[in-house]
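Once you've looked at the hints, dock chain B against the given chain A.
Each chain, written out:
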Amino acid sequence: MAAETRPKRPFRWHIGIFLAPALLVYTAIMILPLAGTLQLSLFRNIEQHQVFVGFENFRTLFGDPNWSVNFWNALRNNVWFFIIHMLVQNPIGVMLAALLSSPRLRFAAFYRTAIFVPTILSFVIVGFAWKLILSPLWGVAPHLMDLVGLKSFFTPWLGKEQYALTALSLISVWQFIGIPMMLIYAALLSIPEEVIEAAECDGITGMSQFWKIKLPLILPSIGIISILTFVGNFNAFDLIYTAQGALAGPNYSTDILGTFLYRAFFGFQLQVGDPNMGAAIATMMFLIILGGVCVYLFLVQTRLRRYQF
Amino acid sequence: MSTATRSLPRTIGAHAILLTYTVIALFPVILVIMNSFKSRAGIFSEPLTPPTPKTFDLIGYTTVIGQGDFIHYFQNSLVVTVASLFFVLLFGAMAAFALSEYRFRGNTLMGLYLALGIMIPIRLGTVAILQLMVASGLVNTLTALILVYTAQGLPLAVFILSEFMKQVSDDLKNAGRIDGLSEYTIFFRLVLPLVRPSMATVAVFTMIPIWNDLWFPLILAPSEETKTVTLGAQLFLGQFVTNWNAILAALSLAIMPVLILYVIFSRQLIRGITSGAVK
Numbered sequence: 001m002a003a004e005t006r007p008k009r010p011f012r013w014h015i016g017i018f019l020a021p022a023l024l025v026y027t028a029i030m031i032l033p034l035a036g037t038l039q040l041s042l043f044r045n046i047e048q049h050q051v052f053v054g055f056e057n058f059r060t061l062f063g064d065p066n067w068s069v070n071f072w073n074a075l076r077n078n079v080w081f082f083i084i085h086m087l088v089q090n091p092i093g094v095m096l097a098a099l100l101s102s103p104r105l106r107f108a109a110f111y112r113t114a115i116f117v118p119t120i121l122s123f124v125i126v127g128f129a130w131k132l133i134l135s136p137l138w139g140v141a142p143h144l145m146d147l148v149g150l151k152s153f154f155t156p157w158l159g160k161e162q163y164a165l166t167a168l169s170l171i172s173v174w175q176f177i178g179i180p181m182m183l184i185y186a187a188l189l190s191i192p193e194e195v196i197e198a199a200e201c202d203g204i205t206g207m208s209q210f211w212k213i214k215l216p217l218i219l220p221s222i223g224i225i226s227i228l229t230f231v232g233n234f235n236a237f238d239l240i241y242t243a244q245g246a247l248a249g250p251n252y253s254t255d256i257l258g259t260f261l262y263r264a265f266f267g268f269q270l271q272v273g274d275p276n277m278g279a280a281i282a283t284m285m286f287l288i289i290l291g292g293v294c295v296y297l298f299l300v301q302t303r304l305r306r307y308q309f
Numbered sequence: 001m002s003t004a005t006r007s008l009p010r011t012i013g014a015h016a017i018l019l020t021y022t023v024i025a026l027f028p029v030i031l032v033i034m035n036s037f038k039s040r041a042g043i044f045s046e047p048l049t050p051p052t053p054k055t056f057d058l059i060g061y062t063t064v065i066g067q068g069d070f071i072h073y074f075q076n077s078l079v080v081t082v083a084s085l086f087f088v089l090l091f092g093a094m095a096a097f098a099l100s101e102y103r104f105r106g107n108t109l110m111g112l113y114l115a116l117g118i119m120i121p122i123r124l125g126t127v128a129i130l131q132l133m134v135a136s137g138l139v140n141t142l143t144a145l146i147l148v149y150t151a152q153g154l155p156l157a158v159f160i161l162s163e164f165m166k167q168v169s170d171d172l173k174n175a176g177r178i179d180g181l182s183e184y185t186i187f188f189r190l191v192l193p194l195v196r197p198s199m200a201t202v203a204v205f206t207m208i209p210i211w212n213d214l215w216f217p218l219i220l221a222p223s224e225e226t227k228t229v230t231l232g233a234q235l236f237l238g239q240f241v242t243n244w245n246a247i248l249a250a251l252s253l254a255i256m257p258v259l260i261l262y263v264i265f266s267r268q269l270i271r272g273i274t275s276g277a278v279k
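Protein chains in written order, with full-length UniProt numbering: chain A, 1 to 309; chain B, 1 to 279.
If you are wondering where the hints come from, they were derived from the structure by calculation, not from laboratory data.
A partial selection of chain A residues facing chain B, derived with a Cβ cut-off under 8 Å:
no.	residue
1	F18
2	L34
3	L99
4	R112
5	I115
6	P118
7	L121
8	S122
9	W138
10	V140
11	D238
12	G278
Ideal Cβ positions, reconstructed from N, Cα and C, are used throughout, including at glycine.
One chain only, chain A, in its complex shape (with noise of 0.2 Å):
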């Protein structure tokens, strides 16, 4: 519309200019290997050359006992994580947010920085700290559970298969719990203050405050937040890597996708790398993340947006 009321604009090179960069790397790096790790997945490596198959892989992938246990293995076990960091990891998060932006509250910024504080620090020394802490050779955990009494419960978690995968995602709750908490106080701080006088006018004060008024409004962030874990959850794999190994041992009890397409790709002790498996694995994590993203986007965002101001 603009451009045919002024007719003669030269052409304008800059705005090519500005986005040129961007545009170059972003799709050079992300967007043709990820299109071409899905076509990949459709080839498959027959004496040194690379031959379609269509959907060989998949078949092999879902039909071949070898890879469908592992691949529904993993993908149980991945769910697993998930549904540990919805249900711990967001509600302590809203929980620690609601109680940090509780008006005048002292040494709120003292704890803000503190819990913070796992969220910047690497995979690598999350996994390890807690493998020492956890470990019975060093004997801190059954320490510490000896001080409220609950030594009995005690047990090398990480090394069990029937606790080593919830241990784990407890884990990475503890390390990711900052993100949920600023998100969420954000959007706590975010409420305009006439929306809280008018509830209290009306006598709705502390918690049934929280239920009524500032729960409804910040659930967008709500929102935000479970598609964000959803996508790191399904797409994670360093700090199984690191407590566990490629292998994800105890006997597989911790694998997860990530881990999974990391052994398909380059291969684990007598089990050859092939890239092709690989590809065909991705595609499933991406297959599985964008369906994902899609319900949030056209089913959780569109009846959400009613709530926002």
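Just chain B now, kept in the frame of chain A:
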């Protein structure tokens, strides 16, 4: 401002919960740093007490500095992080300016295209990225890592920065145009200085995942020459499983630079998050 929201038991309860969680958050970090300054006997006999003259020992640190080439790894991490950060901020700001300032055909589409990368992790393209790097001879170079991290950081940077650039006053830019400034001068001289605070926010968001990443250094640049500190620490820790002094010292060495930077910049970081950049 009713008095009910500030009743004493409620305040005490809030402090109790927050303090408990602060202890949970900090305990592992403090435990590791504290014990890194102890002798082996001290680590095992009294893990929960600060080092005393009797248990104080720097053996762990001397092992780490003697064995691992941590200073070199540290330099690599620094080069990769600073270079990626520079490109993300420069390219990201330029693209954000183009998207927020000019109306042109395909503007919205371009914005959506760039936003795609916020939700879809670059890691899923690893198989093809490795092939690309092999083909271009960039495997085991820091350049490969810088390229990947630049691409990884751009989508969020463009998204956040264009939100902020929309707030820069049009009058100012038009005044510049009337004075005959070129579009480039307007961008570099007028707009960039005004969005500096939001650049800092983006910098922090971009920096943490790059510094802490293990996946790409492991796959694209695992050679001794190009190891980053995260990968170096991972391998070192794997080798020294039984040497508790060395492990604790290596962990502390990896924690402390990040922690010091965080304490210095935490105000900036938190202001960045709460200013509504990522709502």
